[in-house]
Structures are given as C-alpha cells and as structure tokens.
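Visitor: Protein chains in written order, with our numbering: chain A, 1 to 249; chain B, 1001 to 1255.
What the hints contain is simulated information worked out from the structure, not anything from laboratory work.
Any given hint might turn out to be false.
No farther apart than 25 Å at their CA atoms in a straight line, the calculated lysine to aspartate or glutamate pairs in the DMTMM-like style are these [as the list claims (entries may be wrong)]:
(1) B/1039 <-> A/105
(2) B/1039 <-> A/200
(3) B/1039 <-> A/97
(4) B/1053 <-> A/93
(5) A/117 <-> B/1041
(6) A/117 <-> A/181
(7) A/133 <-> A/123
(8) B/1053 <-> A/91
(9) A/106 <-> B/1196
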Amino acid sequence: MICIENLHKSFGGQEVLRGVSLRVNTGEFVALVGMSGSGKSLLLRNVVRLIQPDSGRVLVDGHDVARMPQQELEALRSRIGYVFQSGALFDSETVFDNVAFPLREKTRLGESAIRRKVMEELEQVGLADAEHKFPAQLSGGMLKRVALARTLVRAPEIILFDEPTTGLDPIVVNSILQLFDSVHKRRNLTGILVSHEIPEIFGIVQKIAMLHEGQIAAVETPESIRCSQNPVIDQFVNGKIEGPIHYQN
Amino acid sequence: MIAYCTRWGAWLVEKLARLGKCALFFIEAVVCCVTPPLKWDRIIKQTWFIGWKSMPVICLTAAFTGMVLALQGHPTLRRVGSEAFLGPLVALSLIRELGPVLAALMVTGRAGSSITAQIGIMRINDQIDALELMGLNPMRYLVAPNLIAFVVAMPLLSAVFDVIAIFGGYLLGVRVLGLNAGAYFGEMNNYVVLHDILNGVYKSMSFGALIAAVSCYKGFNTRFGAEGVSTATTQAVVDASVLILVWDYLLTSLI
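Can you make the complete structure from the sequences, with help from the hints?
Guide: Structure follows, in structure tokens:
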C-alpha cells in the first residue's frame, strides 16, 4: 500500500506540491491526472525518493520512504518498477541487453536463465522479434513496450507509470494501456499511472486522482468522475476552455 | 556598500558550495574506485575509448610539437654554440612539462567532452535515475570506471606523446637542420633522469583524475535539455583545461 500524507515540495520559491495526500491500496491501479506542470511526475518521483519532499510523508507498506536508510531504500526500490516517460533505455545496448540489464547486474542468474526470462517478457509485450534492435531503431510504442519489459523482468510488486503514452497515436495508446491492464490483472500489481489519456484510462483503473493547484482535488471511480459535478474535474475531463482551471497556451 | 558586500558574499558562498559539492563527488568516486565490486568490463571499455581512440590526435599533435620545439630551440642554442643540447632541451621540455600538459588538453577536448555529453544525455533522458531505481549506484557504474580509465590511460598517452614528439624533434633537428644524430640522443641520455620521467607520470595521472572528475561532474549535473548538454560540455572542457594549467603550476612548484 502506498500512502502519501500532506506532501509539500517547492522549487525556487514556487510551491508545486501543497499538501498532497493520496492512498493506493494493495492491488489497486490508480490514475493520476492533472494539467501539465501540476506536479504529477514530481509526486511519482517522491514515491521512490528520486526527490526528497520538503515536508510530509510517503509511506510504502508503512515505511517512510524519505527517512529510510540507503540499504532499506534499495530493498524497497527492488520491489518497485518505474516506467519513465522517455523509456530511459540505454541507447548503446540492444533491446535484449536493455531488458537483461537489471538481471545481469542485480542477480546471480546464469546467461541461459536470463535469456529465458528476457524472452518471456519480450513475448509478453509482443517484441520477441526485436531483440537485436537498438532503441534508435524502434518506434515510440515499441520503446514503451521495451521499457515495460525491462521493468517487469524484475518482478515488481508496485509499478509506477510516468506518462507512458505521451506522444503516441490513439491506436498505440490503446494497445499500450490494454497491455498495462493485462499485466496489472495477471500479476496483481499495485500501480499509479500518470496519464492524460482520458477517457481511455477509465477502463483500466479503479480510481482516478485529480491533481490541481498542488493538491488532490478529488479521488473518484471512473464511473463517478464521468458525471462529476466538481467544476475542476468537469473542465479537465471534458476539455472545456472555460472553468476554474487557468492554463497557459 | 552593504548591498555590494552582500552580493559578493552570496557569490562567494555559492562558489564555495559548488566547490564542496564537486569535492564530495570526487571523494565518492574515489571510494567507488577502491571498494568492490568494480565494473571491469566498463573500465576496460572506457580505457580503450579514452586511451586507444585518442591515439591519432595525440600522435599528430606530438609530432608537430616536437618539430616546433626543435625549430625554435635550434637557432637559440646555435647563438650560444650549444646546438648539441637540442636533444635534452626537447626531451626535458616534453617529459617534464609539455607531454603531460598537451596530452591532457587534447584528451580533455576529445574524450572528456564526449564523456560529459554522454553522461549529460543519460541524465536528461532519465537513464541515471533508471540505474538508481534498479538498485545500481550510478557513481560506481558511470563515474568510477571513467576515473580509473583516465588515470590509467593518461600516463600511457603522455608517454606516447613524449616518444613521438622526441622523434619529431629528431626528424627536424637531425634530418632537416643537419644536427648529429649521436649528439641528439647521446646528450638526451646524459641529461634525462628517472626523476624527470616520474615527474611526468605523476603529473599525467593527476591530470587524468582531474579530467575525469570535471567531465563526470558536469555531465552528472546537466539540466534543461539539449542546451544543458551543450553548456555542460563546454564548461567541462574550459574548466578542465584551466584547472590542468593551474594544477600543473602548483605541481611544478611543489615537485
């Protein structure tokens, strides 16, 4: 279970997160939505302590991430998968080597066992025939699939997706989201998905949290969010220009 | 006046904080170099990249440096009737000073800049964060191998520089200006001692550590996209080059 309590974070005098509180139960898949620059990725980075909060707590299974000793943090991180917006694949290594990388570096598995596990994951994401390709030779959707395979090969219990479908065409977006859904159901993962893909994400998450002006404006089920009377949610979900959300072109 | 002092004070504090951060970065890198596990495959790969791939530029600059030294030294020595000392002049200038310094400056431009850009791109593409989340220490994985590779490769490159430059001086002094070959090498043999060679080796090792520290630090702290990478790379080359010359002065006055 991930429990974020009253989290604050500022950059250069500008407070981005102003007391964010959010709870993600074990096995739950929650979407985090909000305007660009509202601090969604920042919140996700706090969960794995890539950034330290100014105040507040992030508890993962009851343990305060910000105050963990390094060894404990590493053990926690080994249970968490993180799919970056860019994919964060190593350019100089092939798809196979990218997926095999965490196994080679962090386990004592032999090369044949690594090969078996990597090919299993690549098959799951539909890229078994791309094992010899380099990231530069892949399309945007394929990059995201490889990134997912590299995350899943470590068998995480919690998975965090940081805008994994940004910049992809609608068909690829749907196929990637379906892939996330099937992975979540098959492995019973706890997950947070930062995304702008509305309404595509409605079918795959249990809850949607809306981040607005540095705080969680609402946490609702996809069904209730569709017909929410909250003006912030109504404007964001329906893409209305007029409303309480101030945006910059 | 108070505002002026406050501004300068803030500037000084910021510079000292940055220096401290850089020193901590270097200390952490050194700790990663002397504690297991070492990433041997990456150390070998980086030594090959820094050492072997810098050979063409080192050979080329060395040959011309040696020839210029001979060209400049010969008329001056002839004026005092000491042309025979052209060999020691070329050799001592190179082994003690020019070899390590010029090789370091060349390697800064070729390999240091490349390493800054590579680490910088990894930073802005989240690859360093990805390493951290996989439970790998980016310092151990990215910085320590470069530090070891630079410290190993620099004395070797410096030695190659010296040999080729001495040969360049020989070509010009003996083949073009008509100096006696025996005098060129014989006097060199009389005047160059082990201390001179060790002096050059220590210098080039410390230059290697310096280039690695500056290049990796700048790459690690790259921000704001492509422009950030470009700025970090330029800063790495300028800072490392200036520091090499300053450090060279300090070392020369100490040893």
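Visitor: It remains to establish, for every hint, whether it holds in the given structure.
Guide: Hint-by-hint comparison with the structure:
1. B/1039 <-> A/105: Holds: residue 1039 of chain B and residue 105 of chain A sit about 10 Å apart, inside 25 Å.
2. B/1039 <-> A/200: 44 Å, violated
3. B/1039 <-> A/97: The given pair, whose Cα atoms are some 16 Å apart, holds under the 25 Å limit.
4. B/1053 <-> A/93: 20 Å, holds
5. A/117 <-> B/1041: 23 Å, holds
6. A/117 <-> A/181: Distance ~21 Å between residue 117 of chain A and residue 181 of chain A Cα, so the pair holds.
7. A/133 <-> A/123: The given pair, whose Cα atoms are some 15 Å apart, holds under the 25 Å limit.
8. B/1053 <-> A/91: 20 Å, holds
9. A/106 <-> B/1196: 46 Å, violated
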